[in-house]
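Assemble the whole structure, with the sequences as input and the hints as a guide.
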Amino acid sequence: MYNVSLFRNCRLLVARARERLPHYRGKSDDVKLSDSCVEKLRSTAGDKYYLRVLVEGGGCSGFQYKFELDKTVGPTDVVIERDGAKVVLDETSLSLLRGSTVDYHEELIRCSFRIIDNPLAEKNCSCGASFSIKL
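Residues 1 to 135 in our numbering are what the sequence shown lists, from first letter to last.
Hints in this document: simulated from the structure, not taken from any laboratory.
Since we're looking at a predicted model, the values are computed, not measured.
Worth double-checking, as some hints may not be accurate.
[Unchecked claim] With a straight-line Cα cutoff of 20 angstroms, these simulated PhoX-like cross-link-like pairs (lysine-lysine) come out: (1) 40 / 66; (2) 71 / 40; (3) 32 / 66; (4) 71 / 48.
Here it is as structure tokens:
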């Protein structure tokens, strides 16, 4: 028989320890933020939200970019900050985006955040939402 309260206490201690861990502050060459990205984030997200950038499996080229406004930063997340604009990435996404630029692009048919100049992307789909990596 296991002592259930012991496991609960361990989970609480781990959760509290993670809350106290300092988040890794990304270096300027990890992922860059374009001027238009900084401007858009400062005007829409303010100080309360981060732009979370994720890379997930899917899309027409194998991996796809995903962008969300988020209030939380996990214990292993990487925070990239420029002039008050903050972008958050998990370690896996950062490994696929290192050297890239997060940009905000406006055109007649849509306005959106996007990734440009990804040195690990072998090819992109025509809409720019997905990519395949160099092996």
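Hints versus structure:
no.	hint	verdict
1	40 / 66	holds, 17 angstroms
2	71 / 40	holds, 17 angstroms
3	32 / 66	holds, 17 angstroms
4	71 / 48	holds, 6 angstroms
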